[in-house]
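Chemist: Listed here are the chains, written in short residue letters.
There are 2 protein chains.
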Amino acid sequence: MPQTLTDAPLDQLFRQARTYNAFSGEVSDDTLRQLYDLLKWGPTTSNSCPARFVFVKSAEAKARLGPALDEGNYRKTMAAPATVIVAYDLAFYEKLPVLFPHTDARSWFDTKPEADLTTIALRNGSLQGAYLILAARALGLDCGPMSGFDNAQVDAAFFAGTSLRSNFLVNLGHGDPGSIFARSPRLGFDEVCRIE
Amino acid sequence: MPQTLTDAPLDQLFRQARTYNAFSGEVSDDTLRQLYDLLKWGPTTSNSCPARFVFVKSAEAKARLGPALDEGNYRKTMAAPATVIVAYDLAFYEKLPVLFPHTDARSWFDTKPEADLTTIALRNGSLQGAYLILAARALGLDCGPMSGFDNAQVDAAFFAGTSLRSNFLVNLGHGDPGSIFARSPRLGFDEVCRIE
Chain A
3 MPQTLTDAPL DQLFRQARTY NAFSGEVSDD TLRQLYDLLK WGPTTSNSCP
53 ARFVFVKSAE AKARLGPALD EGNYRKTMAA PATVIVAYDL AFYEKLPVLF
103 PHTDARSWFD TKPEADLTTI ALRNGSLQGA YLILAARALG LDCGPMSGFD
153 NAQVDAAFFA GTSLRSNFLV NLGHGDPGSI FARSPRLGFD EVCRIE
Chain B
3 MPQTLTDAPL DQLFRQARTY NAFSGEVSDD TLRQLYDLLK WGPTTSNSCP
53 ARFVFVKSAE AKARLGPALD EGNYRKTMAA PATVIVAYDL AFYEKLPVLF
103 PHTDARSWFD TKPEADLTTI ALRNGSLQGA YLILAARALG LDCGPMSGFD
153 NAQVDAAFFA GTSLRSNFLV NLGHGDPGSI FARSPRLGFD EVCRIE
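As you go down the protein sequences, you meet chains A and B in turn.
Per the numbering used here, the very first residue in the first sequence carries number 3; after that it's consecutive.
Per the numbering used here, the very first residue in the second sequence carries number 3; after that it's consecutive.
Take the hints with a grain of salt, since some may be wrong.
[Stated by the list, open to error] Just some of the chain B residues that point at chain A, by a computed CB distance under 8 Å:
1. Thr113
2. Lys114
3. Leu119
4. Ser128
5. Val194
No wet-lab data here; the hints were simulated from the structure.
Heads up, the beta-carbon is just placed ideally off N, CA and C, and yes, glycines get one too.
Chain A on its own, in the form it takes in the complex (with noise of 0.2 Å):
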């Protein structure tokens, strides 16, 4: 039966991990296949799997998002390591056949209205935007999520002509703690929790 885990974990994951403004270092393709192999086993509805991911690296990429950044993020996206544009695929369920192999999954899913796949496909493209935060965390990366950014803009850029849309970016690397302020505030258990 697994055991809680130690305090240095639970500090990397959760207690001492901050959103950062700057980073350095290099976030190297292989440290980016390590990620994915990580996130890539956390669950989603009828493993539909449905996020995709761009990792934007090089001075071109970077010069394409760029356009469509809130100006207050776009300092420290342009130079960051690495930008991940976490996206989802409405037409996830294109590949239920293999992600759920036993049944016929993609009749659940392929009729469905937009609006409907967009729910799903946020809703667990999301998660999987959560296991890629925890992910790097875990190999001992920073991270900087964003959603202050034009969407259609970036799905223009990157996405133009397929299923994808962009839901939130995450810059990544070694975050640089003169970047940070004081932590902000959480609500308490009792403001947002009830057990029944």
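Got chain A sorted already, so can you dock chain B onto it with the hints?
Modeler: Coordinates of chain B only, in the frame set by chain A:
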């Protein structure tokens, strides 16, 4: 600088963790508080923390939840030590004076149309749902996340007259290894990722 975690926590969180269909044991109220005290640190847009959690443990509350469940999720949920209703608050911005105190962040959201608020709350509430799943695993618990239920029926039974909406459910306990099948495949890096 943080290092890569050792194999044991990576296995517990990602590689060996499974979605169980039967659970044993107890999940104490104290454990639920420990769970929230980890997951609450995960990042969200403007620290908005829109997720709300109902931990369904009593026979009375289980009986209210039951009729909303798809048939395939009924028996295992009724038998689970605890079932979390992962919800989000569409009026999450009301808490921003506490959560993001250094500027008027409430005004960034409080005039947005409900469709936009739903997207933001679903994205960030799902991130927090994934933090809950991984925090539960970090505490030695197993999870059974589900979206096979009638959201409107759960909302009527648990959130009537409020701005809370159900997102997905998670059974919690100690997973019975006899309740799972061989692991389903995942897509390869090159099918879902690109490095640009």
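Chemist: All hints are to be evaluated individually against the structure, with a verdict given for each.
Modeler: Comparing the hints with the structure gives:
Hint status for B/Thr113: violated, given a least beta-carbon distance of 17 Å to chain A, over 8 Å. Taking 8 Å as the C-beta cut-off, the interface hint given for B/Lys114 is violated, the closest approach to chain A being about 13 Å. Residue-level restraint check for B/Leu119 is violated (minimum Cβ-Cβ distance to chain A is 13 Å; threshold 8 Å). The restraint placing B/Ser128 at the interface with chain A holds, with a minimum CB-CB distance near 4 Å, inside the 8 Å limit.
Because the beta carbon of B/Val194 sits about 5 Å from the nearest beta carbon in chain A, less than 8 Å, this interface hint is met.
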